[in-house]
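Engineer: Read off the chains here:
There are 2 protein chains.
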Amino acid sequence: MSQGRESAGRPTAAKPPMREALVAAALRLFDERGFEQTTVDDIVALAGVGRRSFFRYFPSKESVVFPDHDGCLAEMTAFLADPAGAAEDPVERAGAAARLVLRMYAAEPVFSVRRYRLTREVPALRTHELSVVWRYERALADYLRTRYAQRADGRLRADVVAAAVVAAHNNALRSWLRSGADHDPEASVREALAYVVATWGDRAPAAPGVDGAAEDVVVLVARRGTPMWRVVDGIQTALSAT
Amino acid sequence: MSQGRESAGRPTAAKPPMREALVAAALRLFDERGFEQTTVDDIVALAGVGRRSFFRYFPSKESVVFPDHDGCLAEMTAFLADPAGAAEDPVERAGAAARLVLRMYAAEPVFSVRRYRLTREVPALRTHELSVVWRYERALADYLRTRYAQRADGRLRADVVAAAVVAAHNNALRSWLRSGADHDPEASVREALAYVVATWGDRAPAAPGVDGAAEDVVVLVARRGTPMWRVVDGIQTALSAT
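Protein chains in written order, with this note's numbering: chain A, 173 to 414; chain B, 173 to 414.
Everything labelled a hint here was simulated from the structure, so no lab data went into it. Treat the numbers as computed from the prediction; the structure is a model and nothing was measured. Careful: at least some of the hints might be erroneous.
Calculated Cβ distances over 12 angstroms to all of chain B for the following chain A residues [to be verified]:
#, residue
1, Met190
2, Asp214
3, Leu218
4, Ser225
5, Arg228
6, Asp240
7, Ala253
8, Glu260
9, Arg327
10, Arg329
11, Val338
12, Ala340
13, Trp372
Under 7 angstroms between C-beta atoms, here's a sample of chain A residues computed to sit facing chain B [as the list claims (entries may be wrong)]:
#, residue
14, Glu247
15, Trp306
16, Val332
17, Ala335
18, Ala336
19, Ala339
20, Ala364
Chain B stretches covered by chain A per the calculated footprint, using a threshold of three residues with CB under 8 angstroms from any CB of chain A [claimed, not checked]:
#, segment
21, 250-261
22, 317-329
23, 361-370
In this text, a Cβ means the ideal position worked out from N, Cα and C, and glycines have one as well.
Full structure from sequences and hints, please.
Structural biologist: This is the structure:
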C-alpha cells in the first residue's frame, strides 16, 4: 500500500447515491423505531426506491448497517497476497492488514459511533458483526499459516496470532468508539498491535519450552537492579544447560 | 474442580428424555433434508411432541444443535468465580476453564462430530456457533480483566489472552473433530493451551517494550553461542538505558 493511499484514507466518493440513501434511511428508522420493528419495506419507502434496489445492494436487513465490510475484506485479502509483504515480519504485516479495517471506521467516525451503539443494543446485529469479524480473522489466519508453513507449530501459531491481532485491534477500536470517536484512533490501535508484535513477531523473545525456540536462543529475564554477577551467573547456567 | 469430577467427565444422565428426543429428531432431519428445509413442525412431528414443548427447551431451530452451551457457560462462570483459583496463574486458570468446553464435546464424540460437520455446511449454524464462542471468550476476558486489574495494560492483555486461549482451544478441538474424534483430545488441547501459558502466563518471559514490563525487568535474548562479552555488553547497555 502506497504512502499516499494511506494518508488519504479510504475514498468515499465512489459510493452510489442510492446505496447511501438506503443506509441513511435504515439508520434513521432503526434509531426511531428500533431495529426489529423496522422492515425492509419501511426502509425503501423512506429512501424512495423499490424493494429490488435494496436487495441489489444488501443481502439482508442486518447487512445495511455494515455496508463496507465486503470491500474491506477484499482489500485486506489483496494486501495480504501482495508479494511485497513477504519480507515484512508476519505479525506486523497482519497488523497492517487489520488497520485497513480501522481506517474504514475512522473515515466515517459519526456513522461508526452510531453503528457501534446500535450493534451493542441489537442482538441480531451483534451476531452479524461476529460473522464479519470472523471473516477477517480467517483471512489473517490463512495468511499466517502460509507464512508459518515451515514451522512445526505453524497452524496453531497462525490461529493464535490471528486471534490476538483481531483482539488487540478491536480493543483499541472499541475504546475509540466508546469515547465517541473524539480523537485519531491510529496511534492507539498501532500501540495495541505493537503489543502483539512484541510477543509473537519474529524479533520477539521466544517463550521457553515452545517448539523450536529453546534450541536457538537463551531468554533471560532480570529485574532492574539485579547485580551483574547474578546476571552473568544466570546466563552461564542457561548456556550450559541441555 | 475435584479430581473425581474431572475424570468422570460431564454427567449426561440428568438430561430430560423429551429434550433428547427433539435433538435426535432434529439432527436426523437436518441430515436427510438439510437444515434450511427442515421446520420446527417437522422436528416436533418426528419426535412426537407438541410445538410448545420444543420452545420450552430451545429458543430457536439453530439452538437445538447446540444444546449444552448454556449449561457449560454457567459452569465456566462458576469455575472462574471460585476463589480457589485466585492463587493459580491467570492464564492457566483461563485454560482450565476453556477445557470445560472440550470436556462437553469429548463426552459425546459421535454427536460432536456430526454437529461439527453440519455447522461447517450451514451458514446459520456457523453464525450461531460464533455467538456461542463469543460468550465464552467474553467470560474469559472478564475474568482476566479482574486478575489483571492492577496492570496498566490490563484490559488489552485480558482481551488478547482470552482470544489466544479460545483460538488455541479451538485449534486443537477442531483438529480432533476433523479427525472423526478418533482419540482422546485432552492431551492435544492441553498442549495447545500450554503454548498460550508459555507466552502469557505469569512465569513467561516479558516481551520487550511492552507497557509496564520495561520498567521492571530487562529481557535479553541471545542466540546460543553468543560470546559472553557481547552478552554482558548488551545487558549493561540495557541497564543503563532510560
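Engineer: It remains to establish, for every hint, whether it holds in the given structure.
Structural biologist: How the hints compare with the structure:
no.: 1; hint: Met190; verdict: holds, 27 angstroms
no.: 2; hint: Asp214; verdict: holds, 24 angstroms
no.: 3; hint: Leu218; verdict: holds, 28 angstroms
no.: 4; hint: Ser225; verdict: holds, 24 angstroms
no.: 5; hint: Arg228; verdict: holds, 21 angstroms
no.: 6; hint: Asp240; verdict: holds, 20 angstroms
no.: 7; hint: Ala253; verdict: holds, 23 angstroms
no.: 8; hint: Glu260; verdict: holds, 18 angstroms
no.: 9; hint: Arg327; verdict: violated, 7 angstroms
no.: 10; hint: Arg329; verdict: violated, 8 angstroms
no.: 11; hint: Val338; verdict: violated, 7 angstroms
no.: 12; hint: Ala340; verdict: violated, 5 angstroms
no.: 13; hint: Trp372; verdict: violated, 8 angstroms
no.: 14; hint: Glu247; verdict: violated, 22 angstroms
no.: 15; hint: Trp306; verdict: holds, 5 angstroms
no.: 16; hint: Val332; verdict: holds, 5 angstroms
no.: 17; hint: Ala335; verdict: holds, 4 angstroms
no.: 18; hint: Ala336; verdict: holds, 5 angstroms
no.: 19; hint: Ala339; verdict: holds, 4 angstroms
no.: 20; hint: Ala364; verdict: holds, 6 angstroms
no.: 21; hint: 250-261; verdict: violated (count 0)
no.: 22; hint: 317-329; verdict: holds (count 4)
no.: 23; hint: 361-370; verdict: holds (count 5)
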